[in-house]
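Novice: Following the hints, position chain B against chain A.
Number of protein chains: 2
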Amino acid sequence: MKFNKVLKNVPLYEAGKPIELVTREYGISPKDVVKLASNENPYGTSPKVVKKIQDIAKDMFKYPDDSMYELKEALASKYEVESNNIVIGSGSDQILEFAIHAKCNKKSKVLMAKTTFAMYEIYAKQTGAEIIKTKSSQHNLKEFKKLYKKHNPDIIFLCIPNNPLGECLDKVEVYEFLESVDKDTLVIIDGAYMEYAAYKDINKKISPKDLINTFPNAIYLGTFSKAYALGGMRVGYGVANPEIIQNLYKLRAPFNITTLSLAAAIEALKDEEFVNDCIDKNFKQMKRFEKYCNDNNFEYIPSYTNFITILFKNFISKQVAQKLLERGMIIRDLTGYGLNAIRVTIGTTTQNTKFFKLLNEVLEELK
Amino acid sequence: MKFNKVLKNVPLYEAGKPIELVTREYGISPKDVVKLASNENPYGTSPKVVKKIQDIAKDMFKYPDDSMYELKEALASKYEVESNNIVIGSGSDQILEFAIHAKCNKKSKVLMAKTTFAMYEIYAKQTGAEIIKTKSSQHNLKEFKKLYKKHNPDIIFLCIPNNPLGECLDKVEVYEFLESVDKDTLVIIDGAYMEYAAYKDINKKISPKDLINTFPNAIYLGTFSKAYALGGMRVGYGVANPEIIQNLYKLRAPFNITTLSLAAAIEALKDEEFVNDCIDKNFKQMKRFEKYCNDNNFEYIPSYTNFITILFKNFISKQVAQKLLERGMIIRDLTGYGLNAIRVTIGTTTQNTKFFKLLNEVLEELK
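Chains as they are written, first to last, in this note's numbering: chain A, 1 to 367; chain B, 1 to 367.
The reader is advised that the hints may include incorrect statements.
Under the rule of at most 30 angstroms between Cα atoms (straight-line distance), these lysine-lysine pairs were calculated in the DSBU-like manner [unchecked claim]:
1) A:51 - B:31
2) B:171 - A:2
3) B:149 - A:5
4) A:58 - B:200
Hints were generated in silico from the structure; no laboratory data involved.
Bound conformation, chain A alone:
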């Protein structure tokens, strides 16, 4: 059977290996497997969210509120914007999908950093658009500027801070770059880890309201999957001017968010104390990773997120990741991104201690 030709060039996204798979493949008991591969919040779900889910579980025979009235109001209030500035997706992923499919076709071009969130490229390829990447792995706005002028892309992606590397542009330099961008180019500011970056360094903080008021062609993406500890619930959002939101809505399927996910996100927004506490712990644990790297003379990228990227010279990252996996420690090998590096989620104290111990063992064996 014939399908649209563009599909031939669409790669499949490789998710972090689930714990069950390691259990099945290596016979390690689930309780002994540690997953530091998907940048989940390791401190669990807010108890207030858990209670809310339990309270309304009996109502699941009813369809969700497709207007998403309450969650939109809550987000509008948090960001001091209007409801019509907001679109909610099954993860901020789905907002990427809406935006790319609304704007791109096979004549389009999209611009992104060489090493950034894999889904930008996958969604763009679904439309047949041409992918333009900087030479540098990390975001380099000089290269962005040059490529922007040369190619006049339909979409520019800025991942702030960047996944999977952890580096983060300053707000000032982002704004300066955006000044030079034509108003018909959609600029996607992916703030999936913004809560972490803003906590560590206020110069990184981008306010969605200020962004979209200053640049009508920008959209800000946020998620509940990271700092808000709801990776399993799939809720993200886009903040932009109504003209952009309305066009994205044309691609939104009805009921794209489950009732429980809507309720969990609303509840999570009420528990900012939990979120701040998790972020605070994250950066305390991050210091242990930095010390470990310094002590062992490993290069790492200073991170504004809840993960850290460690670059190897004398070891092969793929082998390191595999040997860790066999010991029940799941992390992310970045070979597929063209880097001899691993990306490790900052876990709890116990998880991190175990990681350091196992990595020592593995490196000793690979010497």
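Specialist: Here is chain B on its own, set in the frame of chain A:
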């Protein structure tokens, strides 16, 4: 800002009005509002599903299992097919979206009944495809055959039984029609209400396994939103040959189903007794609707689903629906589908008694 031109022709889907909205607009207490507008299972969520959701709510900080191993195995076992015959979506809606976007572009044509599920047309318009419809509102395979030969469409939709009308083709006539269809045309058999039809009349039952073995160009869609009472959880699936499934997967975003939705669906599949009991009650209540229509000399379409369509001659359906709404009774007016009719979900004994009472009142007022 410029967006893809096709978006201009994409209409927005109008969901059934939520109870909260009626409360806000007409000041009726939520407990006094009855919603018979979205064909939800009125007997609530299976207690086993509720317990499962409550048990795992604390794990929501972790991403879902993107392989969906367990739910796929459960569905494969139910339908006696393999895991690679299955794709899971956020409602069967999302499988429609995958299939249409995988197959169609602005040169494509799609064929459907005049009055059928609104999303077929909306998704098709997102790709710029041309919509071909039969003259008859209900599925008429003679007309389908004629239009198929004339237009050679890329996709044919058969909604079996049909929403929003409730009629249902026999398996034998569907198969006879499919014999005449070219193997490069994708035939989508939408079985969202199949559990009801198969229970009422075994001649309506289409087995996904037999269907896809006989017609490699067919895909069967099922959902957990209706008989399985999980409308709020958004889980549906497609069963087809691996070549089709693989192409649909190219458009699936990672983690498109939440952890709780996966678990709820798995649990719901284990509780077939609950489902059968709900379907049995549904058809007992359906008899009351038929009697009501006969007693009042209203025409209705014999229904193989959990809703019934009532056609008016001496009343205007839009006025009837509005007056019912003002009394806290939400049903669906079919004016937008070109019919002077209403679609009413078969509710519980109490809900239905209230519906008959309020409809009598309203019709008396409109006389």
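Novice: Could you run down the list of hints and mark each one as holding or not?
Specialist: Here is what the structure says about each hint:
1. A distance of roughly 23 angstroms separates the Cα atoms of residue 51 of chain A and residue 31 of chain B; the hinted pair therefore holds under the 30 angstroms criterion.
2. Our distance criterion of 30 angstroms between C-alpha atoms is met by residue 171 of chain B and residue 2 of chain A, whose separation comes to about 26 angstroms.
3. Using a Cα cut-off of 30 angstroms, the hinted pair residue 149 of chain B and residue 5 of chain A holds, with the two alpha carbons roughly 25 angstroms apart.
4. A threshold of 30 angstroms between alpha carbons decides the hint, and for residue 58 of chain A with residue 200 of chain B the separation of about 28 angstroms falls inside it, so the pair holds.
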